[in-house]
Amino acid sequence: MSPLAPSGVLDRLPAVGLDELVGTAELLTRVDRKYLLPAADLEILLSGTGPGTRVLEIDGRRRFGYRSVYFDTPELSSYHATARRRRQRFKIRTRSYLDSDLHVLEVKTRGARGLTVKQRLPYAGDGRTLDGADRDRVSALLADLGLHLDADALAPVLTTRYQRTTLLLPSGTSRLTVDTGLVWSLAGPGGASTATERAVVETKSGRGADEVDRLLWSLGRRPSAISKYGTGLAALRPELPANRWRPVLRRHLSLTPPGSDLT
Numbered sequence: 000m001s002p003l004a005p006s007g008v009l010d011r012l013p014a015v016g017l018d019e020l021v022g023t024a025e026l027l028t029r030v031d032r033k034y035l036l037p038a039a040d041l042e043i044l045l046s047g048t049g050p051g052t053r054v055l056e057i058d059g060r061r062r063f064g065y066r067s068v069y070f071d072t073p074e075l076s077s078y079h080a081t082a083r084r085r086r087q088r089f090k091i092r093t094r095s096y097l098d099s100d101l102h103v104l105e106v107k108t109r110g111a112r113g114l115t116v117k118q119r120l121p122y123a124g125d126g127r128t129l130d131g132a133d134r135d136r137v138s139a140l141l142a143d144l145g146l147h148l149d150a151d152a153l154a155p156v157l158t159t160r161y162q163r164t165t166l167l168l169p170s171g172t173s174r175l176t177v178d179t180g181l182v183w184s185l186a187g188p189g190g191a192s193t194a195t196e197r198a199v200v201e202t203k204s205g206r207g208a209d210e211v212d213r214l215l216w217s218l219g220r221r222p223s224a225i226s227k228y229g230t231g232l233a234a235l236r237p238e239l240p241a242n243r244w245r246p247v248l249r250r251h252l253s254l255t256p257p258g259s260d261l262t
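Position one of the sequence shown corresponds to residue 0 (numbering that gives the first Met the number 0), numbered consecutively onward.
Keep in mind that the hints were calculated from the coordinates and are not lab data.
Among these hints, one or two may not hold up.
Okay, the calculated beta carbon distance ranges per label pair [said to hold, decoys possible]:
no., residue 1, residue 2, range
1, Leu101, Glu19, 16 to 22 Å
2, Ser99, Gly51, 38 to 44 Å
3, Gly59, Arg84, 29 to 35 Å
4, Pro13, Asp151, 29 to 35 Å
5, Ser217, Gly187, 41 to 47 Å
6, Pro246, Gly131, 27 to 33 Å
7, Asp135, Ala224, 39 to 45 Å
On a predicted model such as this, the values are computed, not experimentally measured, just so you know.
Glycine included, every Cβ here is placed at the ideal spot set by N, Cα and C.
Use the sequences and the hints to build the structure in full.
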């Protein structure tokens, strides 16, 4: 499968460095909105972000390979909490920045007023495993939030791979990420995989809708209930409850059949 390439518009935008991006719009507590876009809409979106938009550039690159490994209990506590829209929900993952061989451990929870809260914990692994100290840190963090989890039972469940481009919007406090070439794979040797040719576009702001949200709405695009973990696992394990993601899977995602050649 050939990944959807970002528009050449990106090549004409001025650059922003990582330190400035993090310093002005790290947004670990934020409002997220995700959209699934075909190539034609992606071109319009990137052309209409307005003057002052800048694209993250590191060592001359503007597209970066990402891998995330999601960890869950044998009962899939994280998955079911999100699928059933429980107020207290969480995700535990490692994220690997493949171009720089950097790996981080992240815990995402829901804060007040539906805000996404992402916390990064000390991590020295390879992005595929959790050791005893990692599990202790995850357990302590969740316990502080009133979530009690047997962290020793956590195991890798799903892996995602994609290419990401990040834009800093003219306001200077909002970001836009464009993920392409998304592939989901069940954890373990020979785990089934599936992929989509749609771009996953996400707006991230510390407040309400920004200029990109309003542009997308003017195109008739509305946020989609897509979770890379939840949607991917629902696609690959159809026996799981997935009412929350079935409309996305049915209407918006044209997926390659599990087991297809995704190279």
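message: Verify the CB-CB distance for Leu101 and Glu19 against the hinted window 16 to 22 Å.
response: holds, 18 Å
query: Regarding Asp135 and Ala224, is the given constraint of 39 to 45 Å on their beta-carbon distance met?
result: violated, 33 Å
- prompt: Taking 41 to 47 Å as the hint, is the beta-carbon distance of Ser217 and Gly187 inside that range?
  reply: holds, 44 Å
query: Is it true that the C-beta distance of Pro13 to Asp151 lies inside 29 to 35 Å, as the hint says?
result: Hint violated: Cβ distance 48 Å, outside 29 to 35 Å.
- request: Just tell me: holds or violated, for the beta carbon distance of Pro246 and Gly131 against 27 to 33 Å?
  value: Violated - the Cβ-Cβ distance for Pro246 and Gly131, about 41 Å, lies outside 27 to 33 Å.
field: Pairwise beta carbon distance, Ser99 to Gly51, judged against the given window 38 to 44 Å
entry: Given about 27 Å between the Cβ atoms, the range is violated.
message: Given a hint of 29 to 35 Å, does the C-beta separation of Gly59 and Arg84 actually sit inside it?
response: Hint violated: Cβ distance 43 Å, outside 29 to 35 Å.
The structure shown violates the earlier hints numbered 2, 3, 4, 6 and 7.
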